[in-house]
Amino acid sequence: MNTVAGDLETILSSGIRLAAPLAFAACGEYVAERAGTLNVSVEAMMLGAAFCSIAVAGLTGSATAGLLVGVLLGALVGSAHGALSHRWHVNSFVVGLLLNALVLGLTSYLATVGNPSRHQVELVSVPGLRDLPVLGAPLFVERWPVYLLLALVPLAWWLVERSRWGLELRAAGENPEAAHMTGIRVNLRRRQALLWCGALAGLGGAYLAVGEVGSFNQNMTAGRGYLVIAAVIFGGWRLGRTLAGCAVFGLADALRLALPALGHTVNSQLLISAPYLLALLAMLLFTTRQRRPGALAQPFRRTP
Amino acid sequence: MTRAGPWVSAAIVTAALVLPGLLIAVTGGSPSAALRALIQGSLGDATAVSQTLLYAAPLLLVAVGACCSARSGVFNIGQEGQVLIGALAGAAAGLRLAVPGPALLLVVLLAAALAAGAWAWLSALMNRLRGVDIAVSTLLMTFLAQQVVAFAVTTPWLLQESRLGEAAALPQSNKLPSGALLGSLGDHPGLQLNLGLAVGVVVAMLVAVALDRTRWGFRLTVAGLNPAAARHAGIPVAAVGGIALAVSGALAGMAGAVLLASPLSTNRLQPDISIDIGWDGLLVALVARNRPLLTIPVAGLFAVLRAGGNFLAATGVPPYLVDVVKALLTLAFVAPAVMRRRSVVA
Numbered sequence: 001m002n003t004v005a006g007d008l009e010t011i012l013s014s015g016i017r018l019a020a021p022l023a024f025a026a027c028g029e030y031v032a033e034r035a036g037t038l039n040v041s042v043e044a045m046m047l048g049a050a051f052c053s054i055a056v057a058g059l060t061g062s063a064t065a066g067l068l069v070g071v072l073l074g075a076l077v078g079s080a081h082g083a084l085s086h087r088w089h090v091n092s093f094v095v096g097l098l099l100n101a102l103v104l105g106l107t108s109y110l111a112t113v114g115n116p117s118r119h120q121v122e123l124v125s126v127p128g129l130r131d132l133p134v135l136g137a138p139l140f141v142e143r144w145p146v147y148l149l150l151a152l153v154p155l156a157w158w159l160v161e162r163s164r165w166g167l168e169l170r171a172a173g174e175n176p177e178a179a180h181m182t183g184i185r186v187n188l189r190r191r192q193a194l195l196w197c198g199a200l201a202g203l204g205g206a207y208l209a210v211g212e213v214g215s216f217n218q219n220m221t222a223g224r225g226y227l228v229i230a231a232v233i234f235g236g237w238r239l240g241r242t243l244a245g246c247a248v249f250g251l252a253d254a255l256r257l258a259l260p261a262l263g264h265t266v267n268s269q270l271l272i273s274a275p276y277l278l279a280l281l282a283m284l285l286f287t288t289r290q291r292r293p294g295a296l297a298q299p300f301r302r303t304p
Numbered sequence: 001m002t003r004a005g006p007w008v009s010a011a012i013v014t015a016a017l018v019l020p021g022l023l024i025a026v027t028g029g030s031p032s033a034a035l036r037a038l039i040q041g042s043l044g045d046a047t048a049v050s051q052t053l054l055y056a057a058p059l060l061l062v063a064v065g066a067c068c069s070a071r072s073g074v075f076n077i078g079q080e081g082q083v084l085i086g087a088l089a090g091a092a093a094g095l096r097l098a099v100p101g102p103a104l105l106l107v108v109l110l111a112a113a114l115a116a117g118a119w120a121w122l123s124a125l126m127n128r129l130r131g132v133d134i135a136v137s138t139l140l141m142t143f144l145a146q147q148v149v150a151f152a153v154t155t156p157w158l159l160q161e162s163r164l165g166e167a168a169a170l171p172q173s174n175k176l177p178s179g180a181l182l183g184s185l186g187d188h189p190g191l192q193l194n195l196g197l198a199v200g201v202v203v204a205m206l207v208a209v210a211l212d213r214t215r216w217g218f219r220l221t222v223a224g225l226n227p228a229a230a231r232h233a234g235i236p237v238a239a240v241g242g243i244a245l246a247v248s249g250a251l252a253g254m255a256g257a258v259l260l261a262s263p264l265s266t267n268r269l270q271p272d273i274s275i276d277i278g279w280d281g282l283l284v285a286l287v288a289r290n291r292p293l294l295t296i297p298v299a300g301l302f303a304v305l306r307a308g309g310n311f312l313a314a315t316g317v318p319p320y321l322v323d324v325v326k327a328l329l330t331l332a333f334v335a336p337a338v339m340r341r342r343s344v345v346a
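Protein sequences appear in the order of chains A and B. Those letters in the first sequence? Residues 1 to 304, per full-length UniProt numbering, in order. Those letters in the second sequence? Residues 1 to 346, per full-length UniProt numbering, in order.
One chain only, chain A, in its complex shape:
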């Protein structure tokens, strides 16, 4: 194998590994934003789930149990966010930032005191396909939870675009007053969307911990939750483009890590800031091609 193909394979592998947690969480955040709620608590969902998955994997000895508890923890954060911002009408950005600070503080403390152990799910490789040149190893030798994406992405799309629940959800995000008039419980739909978002962001965080890294470090998500929000914006609130955004962000991160080792100089600051820059530019330039929900980040209160 020549070196260029080898380098490409390395970068692709690490790009996909870095993109996978983002993709899980993006499938959740996409649904939440289509319902009109912009929750910056994705970071809290991912970080909390990452910690709990490692802790539970340490207690039970099963990485799969850790993954499941991570999903539950994410959903718990999602329901807390939903209750505070769509039942008691506290500003959603405030709730998100506070949940992030809360979870960061709790997990940092517990990780320092408890010193969680290492646990990791198994690698699977698809026979035959793994021997493909360049694409074989990056796509077909992975930790098994990655392949959940094959089911979850279509499910998220179907839920939002084809199910009755998704129709009501989109109505709640597009025009809450009109949705309310037709009998849709706007805030209930938004809370349910947050629950889904929490579960998937939790899966992303847990995958990062018990899937890729195998251990928990303080603040190990390091802003990935904000990257997910940038991906949904960059994708113009369409699922396919959002996932493409996750792939681009993952690859940018992989390039930043790989290029110096391969002897190239690279402006790491530019690569780190690229996702946020791209998200801002997408909002400025492609407004007409986006499906920005009409009432995104606007609270809905029934007037008595």
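Take the hints with a grain of salt, since some may be wrong.
[Claimed, not checked] Which bits of chain B does chain A cover? Going by a derived footprint, with three or more residues having C-beta under 8 Å, they are:
(1) 30-40
(2) 94-101
(3) 118-131
(4) 243-252
(5) 315-326
Hint data in this document are derived by calculation from the structure and do not stem from the laboratory. Only a predicted model underlies this, so the values are computations on that prediction, with no experimental measurement involved. We put the CB at the ideal spot given by N, CA and C, even for glycine.
Given chain A's structure and the hints, the job is docking chain B onto it.
Showing chain B alone in chain A's frame:
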């Protein structure tokens, strides 16, 4: 719908007070010793009080700015980035401009305020041109600001320090000249009253007067409380909000300059110079419910938690629980029971 409100607030306050102690006890520590350390490290002696007051100054500046923008109905959550941009501009001015003595300090503070104000105003511009949500763009621009500062201090032709001899240059700027530093006020045995705190308190008072007693403040408040009515009354709501956002950014930037020029830092621009003051200052404004004068005691409380938390770390208890207390207390203050009377941010 809001009947559960008081109970929620009470539950959160209880959690804020009990949970950290419980966690310490469960993990084998002593809650009362930790509490004593927290108070000892923040209010115990003159040195501790000096440290607390040092933290209070930048917190106060950020919080007063956050009051301005939130009162106008514009929700700025990018203070952390604005603090960094302010510190960057302050460092550039302090190191590059040949202004003599104390005048340089003034130049540093002004440069920081102008740069961070302009940085924040970009969000208002994006909102005006393309309807980009201000909370979202200020948040995203925080992450840009972090990389801008990291770039500046790792690039020799920008602000990276110049090293003589063999030693490799670190990712930081040169030390600010002494004329640009915030000195101590008066001579008190053991106690240091830094000039930065005076700047913060004066700004808080000025902004309180400006918001409550001037035409500018009135228009700003009306625009925030009822944009439709304000528009009918001929108030240019978007422009008023944009200026409020710029003021908010400018004060956060000034906090960055205070961090740079006070003994809290090494007086060099470093990528982590903002030490989360921007995030914390926003919480201070939320707890003070956007009233500039109330931010003075609240900033004091948050400074106590910060200085005490640092001392706590020295006694072997990981200081992260202090962040848990801050988050839960703020949550209790923004929870419904308190918000019902006057919902400025809601």
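Tested hints:
Counting residues of the stretch 30-40 of chain B whose CB falls under 8 Å from any CB of chain A gives 0; the rule of at least 3 is not met. A stretch counts as covered by a chain when three or more of its residues have a beta carbon under 8 Å from one of that chain; for the stretch 94-101 of chain B and chain A the count is 0, and the coverage is violated. Remark: the stretch 118-131 of chain B is confirmed as covered by chain A, as 4 of its residues place a Cβ nearer than 8 Å to a Cβ of that chain, reaching the required three. Restraint check on the stretch 243-252 of chain B versus chain A: 0 residues with Cβ-Cβ distances below 8 Å, three needed, restraint violated.
A count of 7 residues in the stretch 315-326 of chain B with a Cβ less than 8 Å from any Cβ of chain A is obtained; the coverage claim is therefore met, three being the minimum.
Hints 1, 2 and 4 from the earlier list are contradicted by this structure; the remaining hints agree with it.
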